[in-house]
Amino acid sequence: MRSATLLLITAARALTPLSTHQLAAEHAKNVQRHESDLADSAKRWGAPIPVTGDDDASWRAVAAPRTVLAAPSVMPRAVARRIKREADARFSEQTSMSRFSMTEDLRDCHADELPRTKRWLRAFVASQRFAGALRVPEAANATQLAIYDALIVKYAPDLARDRAASGQPVHRDFSTLTLNVALSDADDFIGGGTRFEGPGDVTLTPVRAGDAVAHAGRTRHAGAATTEGERYVLVCFLASTAPDHARLSLARAMDLRRAGKYARAVRAARSALPTDAVDAAELHKVAGLSLRGLADASARRRPHLAEALADAAAAHLSEAARLAPYDVVALHSVASLALARASSGEDFRAAAELCRAALRAARTDVERAYPAHDLALAEGETERLSAVAVAR
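When you read off a place in the sequence shown, starting at 1, and then add 8, the result is the number in this note's numbering.
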């Protein structure tokens, strides 16, 4: 009885709109998270770096619809070679693959653990050469930037579980600005680069070690699969010292969802809504997925409550898919929920069409796997119900 009551209270919190007091409390948690992040950055990287004037014209826009900038030779090739050697020495001490990235199919290490890399990166962010990257709109108003994390990432097919391709799935970073500096020449590998999601997609592969790409952290992107050779890249995540409540709410919501604290995740996500379409899509998605988790947990004991939670989840996920029509996770989540709730041939046909929409947006075999599986289920159930109807 006690657990059932707790479930009811938790679900009620997730379904109830936030009061002014609750919004203020969520806002305060964001500030607390931001101050903690800045303190950690200062401990590892030193004080925030003042933004200098935009005196470097070598950065040019290379991708739309989001602003992505590229610049050649921001790092001397000799420095790139030294950083690779420094990272390889650290990799040789590791007993596992990736510890910090979106997948285990690569190797990575924190750049602040590498003295030469740390010195070069902090000096570069403080330089005029870096300043041109601040033409990314999300960073345009920043007066100071904190390096809240930086990684050396190594992609190589022999690091991948399938021994065929080493990459990262589509994701967004929790930075104001993300800087990528190639440590390998394009001739050193096949495949690779950074794929930016959008109409037609754009994959950028710097030609020479030392070339750089900069983009807003919230721009959805992926590490395109490296199928031969080795690709090294230095990735730096920079945050404005002014708190960005949409970014902070999303970061907290995702952490809470991963911890199974679904109602708190919903409240964190909703506290930043409404906001612009890019952030709103992600906030609706994490709110919808969290409500789906609560619905699944409620299904056996309180089916009517589970239905209300599923309705709320469907509303959030549908809005996420509308705002981000290239987000396969959002599209498939809508399809998956429709499939789970389907009971008639018409329902299953509608779920199948939603699966097809997710498949049309997919660009990799990994992205296609779950929508294809659910499409087969929906089509199979449609055929079965059609056969039953004919038999009657």
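Be a bit skeptical, because a hint or two may be false.
Stated by the list, open to error - Result set (SDA-like, lysine to any residue): computed pairs, CA atoms no more than 25 Å apart in a straight line: (1) K269 with D193; (2) K51 with A250; (3) K51 with R68; (4) K92 with D195; (5) K37 with G225; (6) K126 with R137; (7) K126 with K37; (8) K269 with R137; (9) K92 with I198; (10) K269 with K92; (11) K37 with M262; (12) K269 with R89; (13) K126 with E238; (14) K126 with A97; (15) K37 with E238; (16) K51 with Y156; (17) K51 with T151; (18) K269 with D195; (19) K126 with G61.
Derived by calculation from the structure, the hints in this document are not laboratory data.
None of the values given here were measured: they were computed from a predicted structure.
*Output the numbers, in ascending order, of every earlier hint that fails for this structure.*
Numbers 1, 3, 7, 8, 10, 12, 15 and 18, in rising order.
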